[in-house]
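J.: Residue-level listing of the chains:
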Amino acid sequence: MLRALGIDKSFTGVHALRGVSMEVRPNEVVGLIGENGAVKSTLLRILAGVHRPDGGTIEIDGQAVTIRNAREANAHGIGIVFQEQSLLLNMSVAENIYLGQEAAFTRLGLIDARRRNAAARRQLEKVGLDIEPTRRTAELSFAARQMVELAKALALEERTDRALTILLDEPTSVLESRDIEILFARMRALKARASFVFVSHRLEEVLHVSDRVYVMKDGGVVAERAAGGVSVPDLHQMMVGRGLQTEYYREARQVPPAERVVLQTRGLGVAGAYRDVDLDLHAGEVLGIAGVIGSGREELTRTLFGFLPPTAGTLAVNGTPAVLRSPAEAVARGIGYIPRERRVEGLVMFLSVATNITLARLGAVLRMGLIAHGRERRLAQDWVRRLTIRTPDVATPCRNLSGGNQQKTVLARWMTAKSRILILDHPTRGLDVGAKEEVYELIRALSEDGVAVVLTSDTLEETIGLSHTILVMRDGAVTGRFAAPAGGKPQQVDLVRHMV
Amino acid sequence: MTTIASRMAGAAWLRAASPVLLLVVLVVGIGSAAPGFMRLETLGLLLSDTAVLFVMAAGLTFVIMVGGIDLSVQAVASLASVVVAQWLPVLGYAAFPAAILAGLAVGLLSGFVHVRFRIPSFVATLATGGVVAGLALLASHGQTVTILEAGRAQARWVSGSLLGVPDLILIGALVAVGGLIVQRFTPFGRYSAAIGAGEPAAWASGIRVERTKIVAFGISGGLAALAGVLLAARLSSGSPTLANEMLLPAIAAVVVGGTAITGGVGSVARTIVGALIVSIVRIGMTFLNVNIFAQQIVFGAALVLAVAITIDRTKIPIVK
Amino acid sequence: MTRPTAQVSAAGRGAAAPEGVWPWLRRRAADWAPAVVLLGICVALAVLNPAFMEPRNLVRVANSAAIPLILAIGATFIIAMGSIDLSVEGVMSLGTMIVAMLAANDANANDFGWWAPLLAVLAASALGAVNGVVHVGLRIPSFMATLGIWFVGRGIANTALGGSAVRVMDPSIRDLALHRMFGMPFAVWIAIACFLCALGVERLTRFGRYVFAIGGGEDIAELSGIAVRRVRVMAFTLAGFFYGIAAVLAAAQLGQSNAVIADGRLFMTVTAVVVGGTALTGGEGGVLNTLIGVLIVGVLANGMVLLGVSPYVHQAVQGLMIIGAVALSTRRSRLQFVK
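Residue numbers (my numbering), protein chains in the order written: chain B, 1 to 500; chain Z, 1 to 320; chain V, 1 to 339.
Extracted from the complex, chain B is given alone in its bound form (with noise of 0.2 Å):
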C-alpha cells in the first residue's frame, strides 16, 4: 500500500502541494480530478522520484521511504506513465522498454537483442499490443505509444518485488474513445497485479474507471469517495470552492465594453488543437476563455499572438483580416502578450527594466534613429511610477525585481507600444495575494481606458471575476459562452459542466 502524508511542494510559477494525502490501496484504481492540471501532474512527479516534496511523508506498506530518482521509485514498485509522452523515438520499441535496463540481456558487454526482444514482447502482450518490439517507435500512432508506455511501466514486475502502483498521468487526452475503452480494458485485467493512480479530466472516464476518487482544489484534497456512491454533477460541486471574493476582482469597477470590435476570429481552427472558434472582442472588453488542459485554449491563445498559426479559419484585427505568422506580426497590430512563462517569454531577465520597457516600440525613444538614453531613461521612470513597479533604478535587471513588478514591467511595455489588444496568458501565475491585487486593478484601468484583453487563469474565480464575457472550451471545441457582467456572474459549477 502506498500512502501519501501531507505532502508539501512549491516552486516558483507553479500551484504548489499544501498537506495533500492520499493512499492508494493493493489492486485497486484511485482517480484523482481537478480544476488545475499542474497540481495532479506534480503530485504523481513527487512520487515517481521526479521532483522531492518540500514536505510530508510517503509510505510504502507502512514503512517511510525516501524517493530521490526514478530508480528508486521503480524499486518501491512505482511507475509512472507522463503526461507528455517520454518514449524516445528514435528507438526501437524494445528499447524503450527496456531503456536503462540492458544488464538484463547483456552478455560478454554485448546486449542480446532477440532475448530482450522476445521480453519486450511479454511486456506488450500484457497490454494487448500487437506490434513487432523492433519497430521504431516514432512509427507508431500516439494511441499505441501510450500502450507502449505502460508497457514500459508494467516491466517493473521484473525488477520487483513489490506490489506494483502505476501512475497515469491524462493517458486518455491523446487517444480516441475506441483506444481509451482498451485501455480501460486492459487497466481492469491488470488490477490483479498493480494498482493505478489514474489522472484525467475527463470526469465520466474516471468514475468509469476508478474504485475511489480524490478531487483535489487549490493545491489540497478536498474530496475522498468512492467511485460508486457518486454522480459527476457531485464532483463538479466539489472541484468548486466556496465563498467568492467578488471584490477582490475589482468587479465593482467592471464598465460595459464598447460597441466596436478589435478582433475577430472566424472558424479558426489548428489541426490537432482546436476548431471552429468564433470570437468578437470589443474595446474595453475582458474575454475569460475557461478549459482545462488540452481543451485547445492554450493554443488559441498562442495562435491570437502568432505563436501558432492557425490551419482553419480566419482573423480580423480592428475590421482588417490579418495573418499572423510571428509574434512580430502581432505586435506590428497592436496586439501585446503577457506570457506565463514569465522569466522565459516575459522578459529579457539579464537585461534592465528600461530595456525590457522600451523592447517592443523602441521607436519611442529614437533619436535621428539613434537610442536617446536620457529619454528612454524618463519613459521608463514615468512607467515606474504610473504602475508602481518597485525597483531600485530603471537600469536594475530584471531578473532582480520580484514576479509581480516583473509581471508589471512587461505590462509596461506593451502600454509603451500602445497595444490596445492584450492577450493575456495565465497573467497572475506565481504571484503573491499583494501582487495578483495590483495586477487585477491593472487590467481593469486598461480595460476602462479601452484596451481588449483575452484571459486565460489559472483558477476559475479569477476568470469569473475579470471576465466580461467567458468562452468555456473542451476537447478543443467551444462548448459554452456566458456573459459575465458585474453583478450577474455565471456560477462556476455551470462553467466547470462545460469544461469537464
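These aren't lab readings, by the way, just hints derived from the structure by calculation. Even glycine gets a Cβ: it sits at the ideal position worked out from N, Cα and C. Among the clues, some could well be false.
Claimed, not checked - Every beta carbon over 12 Å from chain Z, so not counted as near; a handful from chain B, in silico:
1. 212
2. 333
3. 485
As the list claims (entries may be wrong) - Straight-line alpha carbon distances no greater than 25 Å define the calculated SDA-like cross-link-like pairs of lysine to any residue that follow:
4. Z:320 x B:71
5. Z:320 x V:206
6. Z:320 x V:189
7. Z:320 x B:69
8. Z:320 x V:223
9. Z:320 x B:126
10. Z:320 x B:100
11. B:418 x Z:200
12. B:418 x Z:188
13. B:418 x Z:167
14. Z:320 x V:311
15. Z:320 x V:229
16. Z:320 x V:36
17. Z:320 x V:138
18. Z:320 x V:133
19. B:418 x Z:185
20. Z:320 x B:341
21. B:126 x V:228
22. Z:320 x V:281
23. Z:320 x V:54
24. Z:320 x V:226
Unchecked claim - Stretch by stretch, here's where chain Z covers chain B in the computed footprint (C-beta under 8 Å, at least three residues):
25. 324 to 332
26. 364 to 370
27. 473 to 484
Got chain B sorted already, so can you dock chains Z and V onto it with the hints?
T.: Here is chains Z and V on its own, set in the frame of chain B:
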C-alpha cells in the same frame, strides 16, 4: 534577498572588471620585466598588431552577442586578402570595398543559411568557411599573390601613419567607435543584446529575430574581410591561407574580454581589452622565449577557461 | 517539453501512425537518400569516364577513404549524441607527432618500434577523454571545449616537431598503411576492421545504445537512469581512440609528421558524417551512414580528379554539401531555438 542580489551584482562587477585588471597586471608585469616593452615603437607595433586582430574580433563579438559563433572568419579574411591583391591592379582603390563587400555577402549568406535552414551556427559557418576557403584557393591557384609597387602606394592608407600614429591603430579605433555606437545606440544593437540574453522573450516582444541574426553575421563577415584587407595591405600580399592562424586568437579575444559565449552579455569595448590581452600575452610569451607553437596550447586552454568563467549556464539546461 | 499536439489517430491501436503513402515514402527516401546519391555519382562517373571503374582506380578510392572513414567513425558517436567535436585535427596532429617522434625517425634517436603507434593511440584517446571531461566537468558546450582542445593538441604537436617535418624511418610502421593484402593496402583493411568494431559497439553494446538515447532525448535518458555524463566522456574518449588510429595510418601513409598533416580533416569529417545522414541534432544515423557519407565525399573527390576539375573546387563543393545535407534533414519548425 537584497544581499544575494547585491552580492550577485558585485560578482558581475568583478567579472566585468577582471579583464581590465588582468590587462593592467600584464602591462605592468611585462613592462617591469622587459623595460624595452614600454618604448613608444614597441607599443605602436603592439597596437598595430592588435588592431587587425581586434577588427576581426569586433565582428565576431556581434555574432557571439546573439548567441552564435562564426568559424568562417579566417577563411573570409584570407579570401579578402586574395581579392585585394588580385584586383588592386585592375580596380584600383575600388578593390578595397569590393573585398569588404565580398566578406559582407559571405557573412549574410552564413546568417541566412543558419537561420533559414535552422543549422547550428558553428556548422553553418564551418560550411560557408569551407566554400570560401575553396574559392580563395581557386582564385589564387593556391599561391601567394604579391601586391606590386603601384598597389602598395594605394595601400598606403593602411600601412602609413597620420601625425606619427600608425593608420592601423586609427582604423582599429574607428571600428571600435563605430561598433560601440552600433551596440549602444541603434535598435539593431539593442535587439542583438535582447536576443542573446533571452531569445524567446525577444521573439515574444515582436523583435524580428532572424533578420537581426543575419545582420550580425553580415557584420562579422564584413569586418573579417576588413581584417583580411588590412593584413594584405600590411604584408603587401594576399594568400588563401593568410589568416589561418587568426580564428582562435579572435575568439579568445572576444571571450577573454568578458563576452559570454552564450550571448547577451558583452560589448565591443570588452573585445578591445580582450584583444589587447591576447596580443600582450603573445608578445610576452615571445619575450619569455615561449615557442610560437606552444602559444597555441596556452590560447586553447585560456579559451576553455574563459568560456567556463563567462558562460551563463542557466540558459542551457542541457549542455550539448 | 512540448507535447506533440494531439494528433488524433484514425487508425486503431497497434497500427502504424496514420500516415499516407507519400509521407512514408518521403521518410524512407530520406533514409535511403545517401545510398542513392552514392550510387548515382558512381554511375555518372562510370559513364563520364570509364577509368573510374578500373580496379586500380577503385583501390585508389578505397585507399584515400580509409583515414577519413576512421576519423568520421569517431565523430559519428559524438554527433549522434547531439554534440560536436572540433578537435579532430588537434588530436590527429598529436597522434602523428607521437608516431613520428617515437618510431625510428630522422629527428632523434628514438626507436620504440610498435610502442610508437600504441602510445599514439593512447595519447589520442587521452586527449579525447580530456575533451569529454572539460565539456562535462566545466559544463561548457562541446563545440567550445573541443575548439580549445583542437589548438592545445595542435600546439603540443607543433612544439614537439619544432615546425619541421619529421620522417618515419621504421619500415614496419610504414607497412601498416602501405603493405598490400589481397590487392588492397593494409590501411583499407584497418579501416574496415574499425568500421566493423564501431558498428558492433553502436548496435550491440549498452554504451552504443545510450549514445543514441542521449541524442534522442537527454532528459528522458537521464530519467531512465542512464549515467549521461559518463557516457559522454566515454564517447569523446572513443572518438579520440579512432582519431589516434587514423593518425597512425596518416603517419604511416605519408611517412612523416608535419605541421599541416591534419589540415582540412575536420571539415572533411563533418561533411562525411552529415552527408551520410547522421543528424546534427543527434539520435539519428550511425556508423553505416558515415561509411556511405565518406564514400560519397571520396568518390566525388576522385571523380573530380578524373574529370580534371581543380581540387580547390572540391572543398567548396564539400561546404555546399554540408549545407544541403543538413537543410534537407532538418525538420523546420519553430519548436526550439537554434544557436
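J.: Now tell me, hint by hint, if it's right for this structure.
T.: Okay, the hints, checked on the actual structure:
no., hint, result
1, 212, "holds (38 Å)"
2, 333, "violated (10 Å)"
3, 485, "holds (32 Å)"
4, Z:320 x B:71, "holds (24 Å)"
5, Z:320 x V:206, "holds (20 Å)"
6, Z:320 x V:189, "violated (34 Å)"
7, Z:320 x B:69, "holds (22 Å)"
8, Z:320 x V:223, "holds (17 Å)"
9, Z:320 x B:126, "violated (37 Å)"
10, Z:320 x B:100, "holds (20 Å)"
11, B:418 x Z:200, "holds (21 Å)"
12, B:418 x Z:188, "holds (21 Å)"
13, B:418 x Z:167, "violated (48 Å)"
14, Z:320 x V:311, "violated (34 Å)"
15, Z:320 x V:229, "holds (11 Å)"
16, Z:320 x V:36, "violated (31 Å)"
17, Z:320 x V:138, "holds (12 Å)"
18, Z:320 x V:133, "holds (13 Å)"
19, B:418 x Z:185, "holds (23 Å)"
20, Z:320 x B:341, "holds (24 Å)"
21, B:126 x V:228, "violated (30 Å)"
22, Z:320 x V:281, "holds (10 Å)"
23, Z:320 x V:54, "violated (44 Å)"
24, Z:320 x V:226, "holds (16 Å)"
25, 324 to 332, "holds (count 6)"
26, 364 to 370, "holds (count 3)"
27, 473 to 484, "violated (count 0)"
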